[in-house]
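**Student:** Sequence:
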Amino acid sequence: MRLLTRFRSFPAPVRMLMLNQLTINLGFYMLIPYLAAYLAGDLGLAVWVVGLVLGVRNFAQQGMFLIGGTLADRFGYKPLIVAGCALRTGGFALIGLVDSLPALLVASAATGFAGALFNPAVRAYLSAEAGDRRVEAFALFNVFYQTGILLGPLAGLALTGVAFEITCLAAAGIFLVLTVLQIRSLPQRTGAPARGRTSVLAEWRTMLGNGPFVLFSLVMTGSYVLNYQIYLALPLEARRLAGDERTATAAVAVLFAVSGVLAIAGQVRITAWCQEKFSPGTCLAGGLALMGLSFLPLLAGAAQPGQSTVATFGPLVLSAAMLSLGTLVVFPFEMDTIVRLSGERLVASYYGLYNTVCGVGIMLGNLLTGSALDVARGAGLPWLPWSALCALGLVCGGLLWRLHRSRRWNAQLAAV
1 MRLLTRFRSF
11 PAPVRMLMLN
21 QLTINLGFYM
31 LIPYLAAYLA
41 GDLGLAVWVV
51 GLVLGVRNFA
61 QQGMFLIGGT
71 LADRFGYKPL
81 IVAGCALRTG
91 GFALIGLVDS
101 LPALLVASAA
111 TGFAGALFNP
121 AVRAYLSAEA
131 GDRRVEAFAL
141 FNVFYQTGIL
151 LGPLAGLALT
161 GVAFEITCLA
171 AAGIFLVLTV
181 LQIRSLPQRT
191 GAPARGRTSV
201 LAEWRTMLGN
211 GPFVLFSLVM
221 TGSYVLNYQI
231 YLALPLEARR
241 LAGDERTATA
251 AVAVLFAVSG
261 VLAIAGQVRI
271 TAWCQEKFSP
281 GTCLAGGLAL
291 MGLSFLPLLA
301 GAAQPGQSTV
311 ATFGPLVLSA
321 AMLSLGTLVV
331 FPFEMDTIVR
341 LSGERLVASY
351 YGLYNTVCGV
361 GIMLGNLLTG
371 SALDVARGAG
381 LPWLPWSALC
391 ALGLVCGGLL
401 WRLHRSRRWN
411 AQLAAV
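Under UniProt numbering, the first residue of the sequence shown is numbered 1, with each subsequent residue one higher.
Watch out, some of these pointers could steer you wrong.
[Stated by the list, open to error] Using C-beta positions, here's what the derived DEER-type ranges look like: (1) Leu181 - Gly44: 36 to 46 Å; (2) Phe7 - Val200: 17 to 27 Å; (3) Gly209 - Asp244: 25 to 35 Å; (4) Phe7 - Leu157: 20 to 30 Å; (5) Lys277 - Val47: 41 to 51 Å; (6) Arg239 - Arg407: 43 to 53 Å.
[As the list claims (entries may be wrong)] Straight-line alpha carbon distances no greater than 25 Å define the calculated SDA-like cross-link-like pairs of lysine to any residue that follow: (7) Lys78 - Glu165; (8) Lys277 - Ile264; (9) Lys277 - Lys78.
Simulated from the structure, these hints should not be mistaken for laboratory data. Think of the CB as a built atom: it goes at the ideal place given N, C-alpha and C, for glycine as much as any other residue.
Starting from the given sequences, assemble the full structure and let the hints guide the process.
**Tutor:** Following this line, the structure appears as C-alpha cells:
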C-alpha cells in the first residue's frame, strides 16, 4: 500500500513512464535470456555466430546511447521513446520470423539501437517531471524496472516451452501496444537546451569538458562492472559449485530471485533511510564500497570450502544479496547526480554519454574478470577474482568519496 500511495503521488507522466519501464523489461526479458539457446539449438548456428549476433545487439545499444540521448535533446523525449518501442517491435518480430544470418544481424541491431533511443529519453523525461523528488522517483522507478526483470523470464519460459517464435511475437506484441499507448497518452516533453547551442559536436565537447561529470562517469564504471557479475562471475561460480546443470540452473534462479525481491521490497525504504541519514556523496561512496565487500563471502568460501549445501551455496547467495543492496543504495543517487552535474541541461545527452562510458567499462571489466576466473582455475588460486572485485569496489568507493569532497565537484553542484 505504501508503494501504491507513493506511486499515485507522482504526476501522470511519471506514473506512465514507470509502468512503461515495467512492460519494456517484461517484453525484453521474456525473450533475451532464451535467445542464445534458440540460435544455437533450433537454428543450429555455430557458437561464434551466436556470439556475433548477441554482440551486435549489445554494441548497437551501448555504443549508441550518446546518439539516442542527443536525438532526445534535439527532438524531444516522446518521439525517441515511441521510436525505440516501434523499432523493438519490428526487431523482435523479425527474430521470430527469419533464420538467415544477415536478417538476424539486422534484427539484433534493431533491438539494441531501440534501447539506445528510449533509455536516455526515459530517464531524462522522468528527472524533468519529478523535479525535486528525483531521488524518490528513481527509487520507485527501479522497483518497476526490477519487477519487469523478475516477471519477464517466467513469462518467456512458459511461452518458449511451446515455441520460441511465439515468445518473439508475444514480445513484439507487447512493444506494439506500448508504442500505440505512448503515441496516444504520453505528453510531449523537451529538456532545457545547452547555453548558446550551435552544433552537436559543440554539445559533445561541452560534456567532455565537464571535468566532474567525466570523473564521476569513470569512477562509477566500477559499479557497473561489479553489478554485472550477477550475470557473469556468480552464475559461473554457481555452475562450478553445483557440478550438474540442473542444480546450477536452480542456483542461478535463486540468485536472480534474491536480487529481484530485495529490489522490489527494499528499494524505496532503503533510499528514504539513506536520504534521511546521509549526504548523496556518502551514499554513493558507501554503496560502491558495499558492492565491493559483497565478494568477501566468496573469498571466505574459497579459503574454506563448504561441506553441506548451505555451506557451499550460502556464500554465493549472501554475495548476491549484498551486491543487490549496494546497487539499491547507489542507483537513485547516481541518476540524480548525473542531472545535477549536467546543470539540468542536455540531460538526455549526459545520460547517453554516461551509459556509453559505462558500457565500454563493462566490456573491459568482463574481459578482465573472465581472464581472472580462467587464471584462478588454472593456477589453483580461487581467491584471486573475488579479491580483485572486492578491491575494485573499495578503490572506486574511496575515489568517489574524495571526488565528493573536492572543491570543484561541490562548486559544480552548487551552480545548479
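**Student:** Honestly, which of those hints from before does the structure not fit?
**Tutor:** 2, 3, 7 and 9
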